[in-house]
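Asks: Okay, here's what each chain looks like letter by letter:
There are 4 protein chains.
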Amino acid sequence: MVFILNPKVSKEKIDKFILGWEQKGFSTILSVGTEHTAVCLIGNTAEVDLDHVVQTTDIVSYGKRITEQYKAVNRTVHEDNTIINVGDISIGEGFFTVISGPCSVESEEQITEIARSVKESGAKILRGGAFKPRTSPYAFQGKQAQGLQMLRIAKKETGLPIVSEIMNQTQIDLFEDVDIVQIGARNMQNFDLLKEVGKLKKPVLLKRGLANTIEELLMSAEYIVAEGNSQVILCERGIRTFETMTRNTLDLSAVVLLKQKSHLPVITDPSHASGIRSLVPPLAKAAMAVGADGIMVETHNNPAKALCDGAQSLDLEQFHALMEDLKKRAVLEEKEM
Amino acid sequence: MVFILNPKVSKEKIDKFILGWEQKGFSTILSVGTEHTAVCLIGNTAEVDLDHVVQTTDIVSYGKRITEQYKAVNRTVHEDNTIINVGDISIGEGFFTVISGPCSVESEEQITEIARSVKESGAKILRGGAFKPRTSPYAFQGKQAQGLQMLRIAKKETGLPIVSEIMNQTQIDLFEDVDIVQIGARNMQNFDLLKEVGKLKKPVLLKRGLANTIEELLMSAEYIVAEGNSQVILCERGIRTFETMTRNTLDLSAVVLLKQKSHLPVITDPSHASGIRSLVPPLAKAAMAVGADGIMVETHNNPAKALCDGAQSLDLEQFHALMEDLKKRAVLEEKEM
Amino acid sequence: MVFILNPKVSKEKIDKFILGWEQKGFSTILSVGTEHTAVCLIGNTAEVDLDHVVQTTDIVSYGKRITEQYKAVNRTVHEDNTIINVGDISIGEGFFTVISGPCSVESEEQITEIARSVKESGAKILRGGAFKPRTSPYAFQGKQAQGLQMLRIAKKETGLPIVSEIMNQTQIDLFEDVDIVQIGARNMQNFDLLKEVGKLKKPVLLKRGLANTIEELLMSAEYIVAEGNSQVILCERGIRTFETMTRNTLDLSAVVLLKQKSHLPVITDPSHASGIRSLVPPLAKAAMAVGADGIMVETHNNPAKALCDGAQSLDLEQFHALMEDLKKRAVLEEKEM
Amino acid sequence: MVFILNPKVSKEKIDKFILGWEQKGFSTILSVGTEHTAVCLIGNTAEVDLDHVVQTTDIVSYGKRITEQYKAVNRTVHEDNTIINVGDISIGEGFFTVISGPCSVESEEQITEIARSVKESGAKILRGGAFKPRTSPYAFQGKQAQGLQMLRIAKKETGLPIVSEIMNQTQIDLFEDVDIVQIGARNMQNFDLLKEVGKLKKPVLLKRGLANTIEELLMSAEYIVAEGNSQVILCERGIRTFETMTRNTLDLSAVVLLKQKSHLPVITDPSHASGIRSLVPPLAKAAMAVGADGIMVETHNNPAKALCDGAQSLDLEQFHALMEDLKKRAVLEEKEM
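Protein chains in written order, with our numbering: chain W, 1 to 337; chain Y, 1001 to 1337; chain U, 2001 to 2337; chain A, 3001 to 3337.
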């Protein structure tokens, strides 16, 4: 059940309203949208007389029952789209935000060179893996804490906010200077980690698991929001199917459905979805056309020598060409890039 | 192995060249492209000295070994894209061809009304199911031969070429006036049917099976071309995955890969792929952005009362709006609609 | 809706009962079980007063509504299991019937040698492909009509009934001497073919499609039974998943569910399910333990030289050893082999 | 590359041998089997002259190159099967070990009653979830530390060793008295957690992820063994496919392949694989027939009131009946239960 509050209600009144429900044994989630503030009620709401509450509570504009299992991330809670801000960068309605950088941070030179170049081409956020989840224990596991330090330097040099993947909750302190914390596909249902990043005051980029449904992705986002962090960016990055010619199968229908069902921003990762460099530009354009709020694209200054995922990385010129193409399209889509 | 012939070689010389190979026990496929004519050699080509053939045969420009199992449909055979013409309609390079119409032909009035409307909106080809493959024997099985007759009337009224699904080879004579014969997803590996439509002199629209790989789709196209019919249009219409929120998962990466691996035109069917009306417009736009040569969209003059697949059909106004949107995008893509 | 008739009702009374329903616009399916005869009503049964019919019709023992889409194959229609007889061979309750033979019939000598050997080892039915559905048009397509003739000879020599795959309905006459007609996985939803074999008076072995659900398999069986042929044997032969180490993934849960939902016999095909010889014996034993009514196992007198699927074929000694093992297990399962 | 050592080599000689390789920059894994001790070499072994090492090192019996990515868990390292002991219980070759208990520990009475009953029926190990990974943040999350305490009491009362799922590495100290630490399907590629349990001196039960290949499961086991813990039990618990009638699809072929490729014991979990109570006994019997080393079965003293997964839990009588059936079959399989 969700109550949409009247505009400009005082914090005191909201707190009192929330306290009232909590004293009756309900959990609540306060959801501050661009245009509305909403209060979600979690618990046995079957016995709550919705009409009565709306009529007798002056701060409430209207209320709705939420039949889905996901509550706070539900579109019902906010008709307006959530926009997430990182410094002066926005992700969501009206924007097509491009995140770019290497699969793995390899050296200060590598990450700084890439950062400078992708910024010039129009990327707004720098990505770079420091802790790398690898199928084999004998494969390169990332530069770890040192990698985060290199990212920090590239951020300082270019002003680009940074996003990097966290692999477990003991690493949280290390991510203090990371602007957006990424939860990788393999950790989408690492519920304890979701709870921990739910306590942060910064955006979380949540990737869909390889075999997880759209509903499960929303439930994982709900874990984060239920802990108090409503800054969640959803990311479709391909699912596992019987097809072997691509690494995964990019599910662009999911982008449309996620945006219908939820108010959260949704981006795609055409690099991991396909695993093939030549597929990245067409899938990036398709992502924009289908209505995604942005993309995450792997780039490298020397893909042939990349320590990880070189085959799916664009080189810096290819990325530049893609960005030029996307910028033209953004005009048609009436989106800022 | 494929031999690309010099331009403007006489038919006699080509026939003689082919005969020579057939006398040595090889099968051959003659593939007439927009710019080049090629002869594919099928059989134990390991023993053929390619360089020697090229040097000693004056009509041969150059030759290549084809490592893939699909030969005649292979991009190696034609660097230029195949363009298929139906009357004055073209499908392929430079065009974005929209096929539209109801899932099922229901009556003369229904199909004619829809045909007129979609033509006005810009559709170039009329679709309509006469023979319907249905999971249940108790579900509506289509208007059958009568349905084809209704399609013929709509074609006469509007001038639109028609496409309809054939379900088995005993129906071939019934499809004489059908411009494009469709092989449905469930029949993609009905090899005997593929062989029969391979003997026709008209285009075949071949849909990808629900659980068939990109390579298997190309192999099924090869069945048709190997019989002599090189007018094959490939159609990505969604694959079966674990996701249950959509009817199928549209695999747009497949469009890119099919066009890389083969010279045949590729379209998508966003209606069957998603099974949800509101997903059709965004997936149609994504199909154009990713490089498809067209789409097949289900429309109905009264979706709520459709005998089949109403939930995924656009009404005529929705289709018109989608077409207006697509036409703007076609300018950017430099494609004719 | 199904009406279970009293024992020993005369044919005249049943015909009259059926006629009455058909005059009211219903379709009916007469289902003669081992212990009961049942009449299924197809159509808008919502308006039929079931209790009234039972009370006022003396030949009716009781009636039930069938909520599933599959009617005549539904367990509700027969609580007892259907047993299918081919000569003096039985498939169903109380039996574990082994079908064996090569993927492809290659020569009279080959099929006769294999037939003699597998009969001696305890196989009850001989399999052999004459028409072969192959992914590539350039692969061996089977010995066709000649292959059926070779099977007939092997049948005459050994007395084993034979099963072979039909690929399209124009072949029906060729299958006159074939005891069990097989519908392959790729044709499970070739509905016109299902209707044709539904008119035969002989058993049909229906294989599950690579990407078809358990419910769809039952619906395809319903197509056959609805045409009047209730002798359908269901076959689980592996489904397509993301796993690449096996050819397909054998779904043994499907065997249990099919037997719960339907009264038809269910067998498995461990050879096609795995594609790996060493997996066939353990999967065959698992099939028996899970409750299957039999298995279909590919054997060859010289697997290394098989024209088709050699890698998954047991040689004749391996098959003999497997049969010895299975016979011991059949004692525990109280099944006749 | 792996070196199989001669029997009865002194610890000093082995340490010296290992040190030699480590000084050359290789990592090593010491693998102590039932009959052989082996040393795996990890690193750039392409340059190592295997024959030379074998000829010049007196403690080495023979060596082999390992082409697979998984090294220490590879069958090549041990031809004999690994047997894992927990107190006087054995898991592996010659045994069929049944683990049973509730999905969730709910109370001291519940877990003790179940423990007593399943022990009497023949279960050798008690399972019980204390930390529960749930799709919804609003669902019961387990009794947590208190649940582990209840398990400890049940262990003390019955003498049964206990197994419970760990959800993240900060919980490791809480699992001190837990005999076998379980890694759930969703954490199969939580590589940091794998590394941590790799440092424990107790068995780890590693479940296959919902969308993970057989090879990936082996690679995750490799993560644990590479850290020094070779006591890994693999568990096939169903994979995610398009089929919706069961919760997951149990992949029994995986059991056979895992045992061919690796020397580790393999069990199955028919409860989570199917999600349906009536499928558990047939799938349990199939697991034994296919060659599994045991099963993990959910039981409850009152399934209808279970806080979690009641629909797939056997009640105590059903479990008893299953065990009686399995014991008869174990005689045929020559396995101790």
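Take the hints with a grain of salt, since some may be wrong.
Claimed, not checked - Only part of the chain Y face toward chain W is listed, based on derived beta-carbon distances under 10 Å:
#	residue
1	S1090
2	G1094
3	S1278
Said to hold, decoys possible - In silico lysine-lysine, DSSO-like type, Cα no more than 27 Å apart, as pairs:
#	chain 1	residue 1	chain 2	residue 2
4	Y	K1327	W	K327
5	W	K328	Y	K1328
6	U	K2335	A	K3335
7	A	K3199	U	K2327
8	Y	K1119	Y	K1064
9	A	K3195	W	K199
10	A	K3008	A	K3024
11	U	K2024	Y	K1305
12	Y	K1024	Y	K1013
13	W	K305	W	K16
14	U	K2305	Y	K1024
15	Y	K1202	Y	K1119
16	U	K2335	A	K3328
17	W	K335	Y	K1327
18	W	K328	W	K202
19	A	K3327	U	K2335
20	A	K3016	A	K3199
21	W	K199	W	K13
22	W	K328	Y	K1202
Said to hold, decoys possible - A few chain W residues that face chain U, going by a derived Cβ cut-off under 10 Å, partial list only:
#	residue
23	L210
24	A211
25	T244
26	R277
Keep in mind the hints are simulated off the structure, nothing from the lab. Remember, predicted model here, so these are calculated numbers, not experimental data. Beta carbons: idealized from backbone N, C-alpha and C, even for Gly.
Asks: Give a verdict on every hint.
Replies: Outcome of the hint check:
no.	hint	result
1	S1090	violated (22 Å)
2	G1094	violated (17 Å)
3	S1278	holds (7 Å)
4	Y:K1327 to W:K327	holds (19 Å)
5	W:K328 to Y:K1328	holds (13 Å)
6	U:K2335 to A:K3335	holds (23 Å)
7	A:K3199 to U:K2327	violated (47 Å)
8	Y:K1119 to Y:K1064	violated (44 Å)
9	A:K3195 to W:K199	holds (26 Å)
10	A:K3008 to A:K3024	holds (26 Å)
11	U:K2024 to Y:K1305	holds (25 Å)
12	Y:K1024 to Y:K1013	holds (17 Å)
13	W:K305 to W:K16	violated (59 Å)
14	U:K2305 to Y:K1024	holds (25 Å)
15	Y:K1202 to Y:K1119	holds (22 Å)
16	U:K2335 to A:K3328	holds (16 Å)
17	W:K335 to Y:K1327	holds (19 Å)
18	W:K328 to W:K202	violated (31 Å)
19	A:K3327 to U:K2335	holds (19 Å)
20	A:K3016 to A:K3199	holds (23 Å)
21	W:K199 to W:K13	holds (24 Å)
22	W:K328 to Y:K1202	violated (39 Å)
23	L210	holds (9 Å)
24	A211	holds (8 Å)
25	T244	holds (7 Å)
26	R277	violated (23 Å)
Checked against the numbered hints listed earlier, the structure breaks hints 1, 2, 7, 8, 13, 18, 22, 26; every other hint is satisfied.
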